[in-house]
Amino acid sequence: MRSIRIILVPALLIGLFAAANGNKPALDVSRGTVKIIRTAIRPDYNLPWKMKDPETAVGSGAILHDKMILTNAHVVSDATYILVKKEIDPEMYEAEILFIAHDCDLALLRVNDRRFYENTETLELGGVPELRSKVTTYGYPVGGSRISITEGVTSRIEIGEYSHMGSVSFLMIQTDAAINPGNSGGPVMQNNRIVGVAFQASANSDNIGYMIPAPIIRHFLQDIRDGRYDGFPMLGVFTDPLENISYRRYLGMKDDQSGVLVTMVIPGGGAEKSLRAGDVIMSIDSVPVANDSTIRFMQGRIFYSYLIDLKQINEPVTLTVLRKGRVLKITYPLKSYPYRISWFNEYEKLPRYCIVGGIIFQPLSKEYLKTWNKWWHTADRRLLYYYACHISDNLYPERKEFILINRVLPDRANTYLSEVHDRVVDSINNVKITTLNDVAEAVRKPVNGYHVIRVDGTSCPLILKVSEIEEADRRIKEKYDIPSLMRLR
Amino acid sequence: MKRNVQMICLITALSLPWPVFSAPAQSYDDRVVNILVTSQKHDYGSPWQQGEITRSSISGCVIDGNRILTSSYSIADHVLIEVMKKGESRKYSATVEIKDYHCGLAFLRVEDESFFDGLKPVKLLPAGSMTGRSAKVYKWDSMSSLKEYLAELTKTSIRFYEPNCGVLMHQFSTGMNEGGTGEPVFIDNMLAGIATGLSAETKTLFVIGSDMVHRMVRDAADGHYDGIPFFWIDGVDLQSDVNLRAYYGVAAGEGGVLVTHVPVISSGSDVLKKDDIILSIEGHAVDDRGNYDSPYGKLYFYGLIQLERFVGDEVSMIVLRDRKRTAVKFKLTSVPGGCCTVPLISADSVPRYYIFGGLIFQELTAGYLESQGKDWKQMADKRLLYYYDSIKELSDKGPDFRIILLSRTLPDPVNKGYQYLKDLVLTGINGAPVKNLAEMKKIIDGSTDRFVVFEFAGESTVVLDRERAVKQLKRILMKYNISVPHNLSGK
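Residue numbers (my numbering), protein chains in the order written: chain B, 617 to 1105; chain Y, 284 to 774.
Each hint should be verified, as a subset may be incorrect.
No farther apart than 35 Å at their CA atoms in a straight line, the calculated lysine-lysine pairs in the DSBU-like style are these [unchecked claim]:
#1 1048(B) x 557(Y)
#2 750(B) x 683(B)
#3 1048(B) x 607(Y)
#4 660(Y) x 724(Y)
#5 986(B) x 657(Y)
#6 762(Y) x 1048(B)
#7 725(Y) x 1081(B)
#8 581(Y) x 557(Y)
#9 657(Y) x 1061(B)
#10 699(Y) x 940(B)
#11 757(Y) x 940(B)
#12 680(Y) x 557(Y)
#13 870(B) x 762(Y)
#14 438(Y) x 940(B)
#15 1016(B) x 607(Y)
#16 1081(B) x 556(Y)
#17 1061(B) x 724(Y)
Read the hints as simulated data drawn from the structure, not as lab findings. Quantities reported herein were computed from a predicted structural model and do not represent experimental measurements.
Work out the full structure: start from the sequences and follow the hints.
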């Protein structure tokens, strides 16, 4: 149903690599804007011990206080080597990542060579621009190598999906200033202050570019003060709007009461002990929530999640809740998202796997599903159902993750299993599999000299002869050139 | 992967007309007839009304007893059937005597028996391997000329119609670009089968073997046609998998099919068990690929049940159970009507629906999913696809259990806020589970509560004021031009 639920539809937005700029002569914004050239390498979730070919891309960034360079996470994610270049300096400088926040697509870099900071401007954060007000984008988009400056107006302010990590939505500002690949990470300026970081554009319409607004940037800068990035918290529940009057009457709501309905309390989330399905959230930190799930924001309304997004993990939230006709004040500390199947794009992580007798075991994740072309339509249907509905349909609550058989590397020891692929593992040697570690544990205790692997659905068990496995593993490792048969963390 | 018992529904591939090389075949126009079919499918998006009207020209042939034999899928959703013979312009109206989607064949009758004057029945080809033999396919073209095509038999196998109904299927390689719609196929002047599908890509004509016709004639001989026996298990061929064999204690050289699931509604569910290994059926050994020796060569074991036996017959099997050879016997039952939890045959089906407060509830059927377009297996809602894929497990919830969907909403003040809901799976009403639409209506009609609470999979709920919804119904029906607010019988 509609709501704060994370959006599982593949993003229509494309990540861009970007830039920005601002105003009048007093500040030369182009001296605070840099080009970022990054080489990255990503793992192959299909053959989880392998890496794909390195790729180089260009983006933009802005120089902040304390010699920090602000850019998008997607400009520097999975980087093996980052170079930064200024408009007026022929030199390229090596940079390192200080902090990276994939959820809100922001990162901070630093150049260690002090000469880099000569003749640069430090840019400061501003506020949220008014609708229709002018903004200027600085950066290094495709179509040339020198700095590009484009002007546009603030055309829309709302909560939208950040496509870098995917399935997460925060405040974003839409502008008609051209934002093209290469602009990503560049500052969007108004009155000599940064009002946003250009980061993505609509893939199927012209002149719709998006920037990350100052409140989200501030959240990031505040989060890292303790030397670590923790991310955004979650309310910990799924909610539905209450636009139907019969539903409000059923819940005993009066005409002057409004709010959203808690449809599900997410197991392991922050609200687990505080909220119940059927509660009506009437206000968040004293801000009233309307029946359509919105709150007042500047001249309009936005989705209530904005109030949660302004908070840090472990910060308390106070809700006014209508429960069975009684109005309660409930306060609890917010937590991050407790997922069992990763709904997100992942970076700087290597896939976990475990190979036994040629059978590749891996956790189910979005990255794994993405190995199918147009994955949302073409991936295995059971896997997609688990992915999309495991929380809402409370599938296998005992599983901390879903372990699947990616495929079987053909070998003498698994001759009749070689076409098995994409099955979700239920048990191995009668031990229920709830994590990847369980696989490694379970194969230590074979049943009568065999490994008996049962999968979800109605197919027959996969059976391996234990006495053949040791030799088979050695053979498989060598034949398929696999450096290690296991990466459990 | 091991060959799972799969259900393959053959789809007729239609293509553009193509100049035909061959000329009239006088000797066959007294057997092959032309059938004009007018059909109309239901509109699942607006289930109270019919969909597009289509007309097609197909073929058939005359068999003993003044019957016309054709492909059942070619006359699916028919409104009117007319038959013509010998290139004459007169159209005789025909009625359906038997239409069986589980074996792909249909018998037609013509009221005006004078139609059969000058026509003679075909002879059925006796069983036996015909691989490599050449055959002739006949098809009426432009209603007045009979076209002859050459075809060569490439393969004979058991293929499956839903639900798990094995039929003897011949595959011919042919130059036909159009067809697969009831054309008779002859070898040595005898009927080898009836075409039921054509793959234009691979130039393969799918032909239901004459054994199936023979079976159908015998089945109908007592005046009551029972159809193909229902045998609906999941099984896996053991192959030579030494590990699997050792684990289940199957001796080398012994064949068999490992039973992985037996839905309660299948024939034999009272005696067959999960993990049984079927070694032989009626004395015929089943090998490690699940095949038996037939006059056509190796055929998949379903042939032993569905090709040669009838509803009510007893089947005996030897299974390996807990490493012991065990004899089991069971009676074959018929395919339950509207099988099964997710009805799999969409032809001739009238969608059941129920409208309350502008919310349209429907039952999940293959027809509903298919109506979402050619790519429905990719595009349809993931939860619905999962239920569709899990139909055998779901069937254990009982023969009248169906998945009820809130398919969509007819926007009206009474359902304000619910307009965007679609494809939600109903799990309960007012806290109680619901088996099917008829029960759902009964619960709502009988309720005295002020509100009706609909609970859906995925933890969402919809609440309507019962009286208000009832009051608004008339207006909603009028606004959206709906004649009847529900169809619970599927008729």
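Which of the numbered hints are not met once you compare them with the structure shown?
Those not satisfied are hints 6, 7, 9, 14, 15, 17.
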